[in-house]
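Participant: Based on these hints, arrange chain B on the given structure of chain A.
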Amino acid sequence: MEGAFSYAPAIAAFPLAAFVVALTFGKWMPRKGAIAGIAATAGSLLFSLWMLAAVASGEVYHETLYEWTAGEAAGEVGDGIEFTFGILIDPLSALMLVIVSLVAFLVHIFSLGYMNAEGETGLPRYYAGLGLFTFSMLAFVYADNLLMAFMFFELVGLCSYLLIGFWFRTRSAPSAAKKAFLVTRFGDYFFLIGVVAIAATFGTVAFAGDDSFVAAAETAIADGDTLFGFDAQTWVTITGLLVLGGVLGKSAQFPFHTWLPDAMEGPTTVSALIHAATMVAAGVYLVARMFGYYALSPTALAIIAFVGGFTALFAATMGVVKDDIKQVLAYSTISQYGYMMLGLGVGGYVAGVFHLMNHAFFKALLFLGAGAVIILMHHEQDMWKMGGLKEKAPVTYYTFLAGALALAGIIPFSGFWSKDEILYDALIVGLNEPVIMAAYAMGLVAVFFTGFYTFRMVFLTFHGEPRSEAAEDPHPVGWAVKVPLLTLGVLALVAGVANLAPVAKILGVDIVFLEHWLDGEYGAVEGLTYSAYGELLAYETGVIGSEQLTILVAAGLSLLLAFSGAGLAWKLYNVPEPVAHKERLGSARRTIENNYYQDEYQVWLARGFTLPLSRAADRFDQTVIDGSVNGISTASLFGSSWVKRLQTGIVTNYAALIVAGFIALLVFLGVYGGWF
Amino acid sequence: MTVGVEYYVLLSMALFSIGLFGVLTRRNALMFLMSVELMLNAANINLIAFAFYHGNLTGQVFALFAMALAAAEVAVGLGIILVLYRNFRDVDVTVPTTMRW
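So the protein sequences, as listed, match chains A and B. Its first residue numbered 1, the first sequence is counted upward by one per residue in the UniProt record's numbering. Its first residue numbered 1, the second sequence is counted upward by one per residue in the UniProt record's numbering.
For the record, the hints were derived by calculation from the structure and aren't laboratory data. We put the CB at the ideal spot given by N, CA and C, even for glycine. Some hints here could point you the wrong way.
Some residues of chain B that are not near chain A, with every Cβ distance over 12 Å (derived) [as the list claims (entries may be wrong)]: (1) A14; (2) L15; (3) H54; (4) G55; (5) V95.
With a straight-line Cα cutoff of 20 Å, these simulated SDA-like cross-link-like pairs (lysine to any residue) come out [to be verified]: (6) A:K644 - B:T94; (7) A:K178 - A:P255; (8) A:K644 - B:T98; (9) A:K582 - A:D324; (10) A:K505 - A:V543; (11) A:K505 - A:T541; (12) A:K178 - A:W604; (13) A:K644 - B:M99; (14) A:K385 - A:S468; (15) A:K390 - A:W570; (16) A:K178 - A:Q598; (17) A:K644 - B:P96.
This is chain A alone, in the form it adopts within the complex (with noise of 0.2 Å):
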């Protein structure tokens, strides 16, 4: 493997290649730009495969690849601060990159489908968006410091906005992608103040080594030093949660979520891509990759945790009531990063991961799926007007299948592994900490409402019988469309082997890859690993009886609560003619349907609040600020013109104030200078 890496920074290279093809070329290239697409994202993904088992052979990389700048001024804690664009390739920068890489691949193909065969316009743009995505998020992956990390964050959410926005003559699309646009970018406001904040602190912005952000806040933590007038922990806590506004708008958690939804105004790919599988990941990629200075915060771990477990509640009861299928797939989106989340903040960082892995393939391919079925349905998203599909696409439909077996967390699908274990970890700490276990008890309702709105998207899809013209009579789906889905498929399917944990627990063998990946049991860099972010973590964990018992108590309770969800839909759904049962909700229903007035309450806080506070400051602007500078130079004007007079244009006056003048200097340095 030796020198394997040096090629690293050729896997963010080919996507920013193709978007520069694409845009340039694009409208005189065979597929518009897809081939150059699509060649790069297999080029990235073969190099990070590279750079995958380079790690596994117990390599890493850590390098610095450009100075931006660097200044002298040392910060509160160390000297000189340097920044700099750089490469960090650990397992789970590698991990990552794989699955980015593997999506992007995967889209860029189904696109040809998706996209080309039906005839769109502007597919270079579309492919340069594409492109010009996925450079960034893979350059965000590997990035080395939190400010280039924060930069690539930036420019995945300006592709987000430029994709969601890609149907710009509609009415709606401009609109959600501009909302996308600022309610991330006002998280990212936060995620700014607390990249400036970290590095003001610490006079550093590296993720890894001695001289990282972390192994800095844990010596100033145990030296007891006071930050900023603040205690060590409380300012590491206070730094952290800026951050966390950035991960909360670009992870669509509570209060941040309300964008999601609305960018399903973009291409399904899209959604696929960026709105479900990786660029929403970046948020709690973030938090994983400083995971070690969250360890150190118990206070900002809560937090995430709580965050997480009410998203995961609260956005799963809003995708019960959803009629299109891609708003489904979005509250579900938002539901399972609330999960990530969940886990993360219970010191779950594998549980996380595993996760965040799992998720990116199974949610890719049910958004694939659902592209497959706005295919066959000639652009029909009403999952009432659907129904019936699943003989006449049995590929899409087994897949689709196999995508929500894995949301739903039913046992063996990929899916159950990872959530089952992020409930596990929850429960163990919440077993001491109140505030964990009400965000376990969150967590674990949720796996109802999740179980039940994904079969009741499948059943109202596929099974009954057909509601409409289109239905009877779908669109053929090409090779395009299948190839993409069975991968992702078989990926949906035994994906969760990567971490048996409940498995290896009960029956004591160790088949818990994942767990020693992220461990660096092959190669990590110091202080990156689960063990090293384990002995930071301030948590307790318990058991009830006895570990086993635990476990079987938790996944148990979880499969219960899936497949009563399941079966409910099963039961409300699974019929040849369903009818819509929302009015059973009763009075909740409204609330519901609305998403719980959280657009409302924005739209108020916009209109009502942000709106008459900047009137007031433009008034201030335009009379106070405005008004002084003007009053000076009217003051001044007029002064002038009085002053002018003095000039008269007679030589003889001005010889008269020549000679007054120097005999009035004469006077005063005689009078001051002591002369009489």
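Facilitator: Just chain B now, kept in the frame of chain A:
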């Protein structure tokens, strides 16, 4: 018998005051120029008187330079007066007041 330096200074002061008076009161440009010459020469008297008093020649040499400068100045001044006359048919310094606000 030598004359005390204070008499030279008094002479120069008187000459300067006459020149200044001329500059401030005369309206004829030629008179104006002459008054300026008077003031210059008052300075020259001072230079020579103190050179004599201190017994070195620097002041006298300086006075020579000042006279050459005065000659040049008069040339320029007369040129201006000629142009003044050409434009205003008059050499009254209070007439041309266009160079003001």
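Participant: Compare the structure with each hint and give your call.
Facilitator: Going through the hints against the structure:
Distance check for A14 (chain B) against chain A: the nearest CB is about 16 Å away, which clears 12 Å, and the non-interface claim stands. Its beta-carbon lying about 16 Å from the closest one in chain A, L15 (chain B) satisfies the requirement of being farther than 12 Å from that chain. No Cβ of chain A approaches the Cβ of H54 (chain B) within 12 Å, the least distance being about 23 Å, so the stated non-interface status holds. Separation of G55 (chain B) from chain A is adequate, the least Cβ-Cβ distance of about 28 Å exceeding the 12 Å criterion.
Its beta-carbon lying about 9 Å from the closest one in chain A, V95 (chain B) breaks the requirement of being farther than 12 Å from that chain. The straight-line distance between the Cα atoms of K644 (chain A) and T94 (chain B) is roughly 18 Å, inside the 20 Å bound, and the hint therefore holds. Restraint check: the Cα-Cα separation between K178 (chain A) and P255 (chain A) comes to about 17 Å, which is no more than 20 Å; the hinted pair holds. Under the criterion of a C-alpha separation no larger than 20 Å, the hint pairing K644 (chain A) with T98 (chain B) is consistent with the structure, at around 14 Å.
Distance hint between K582 (chain A) and D324 (chain A) is fulfilled; the C-alpha atoms sit about 15 Å from each other, no more than 20 Å. A C-alpha spacing of about 13 Å is found between K505 (chain A) and V543 (chain A), which places the hinted pair at or below 20 Å, so the restraint holds. Note on K505 (chain A) and T541 (chain A): the hinted pairing holds, with a Cα-Cα distance of about 16 Å set against a maximum of 20 Å. Pair hint K178 (chain A) plus W604 (chain A) holds up; C-alpha atoms about 17 Å apart against a cutoff of 20 Å.
Distance restraint check for K644 (chain A) and M99 (chain B): the Cα-Cα separation of roughly 12 Å lies within the 20 Å cut-off, and the hinted pair is therefore satisfied. Taken as a hint, the K385 (chain A) and S468 (chain A) pair is honoured in the structure, with Cα atoms around 5 Å apart against an allowance of 20 Å. This hinted pair checks out: K390 (chain A) and W570 (chain A) have alpha carbons roughly 15 Å apart, not beyond 20 Å. Under the criterion of a C-alpha separation no larger than 20 Å, the hint pairing K178 (chain A) with Q598 (chain A) is consistent with the structure, at around 17 Å.
Under the criterion of a C-alpha separation no larger than 20 Å, the hint pairing K644 (chain A) with P96 (chain B) is consistent with the structure, at around 18 Å.
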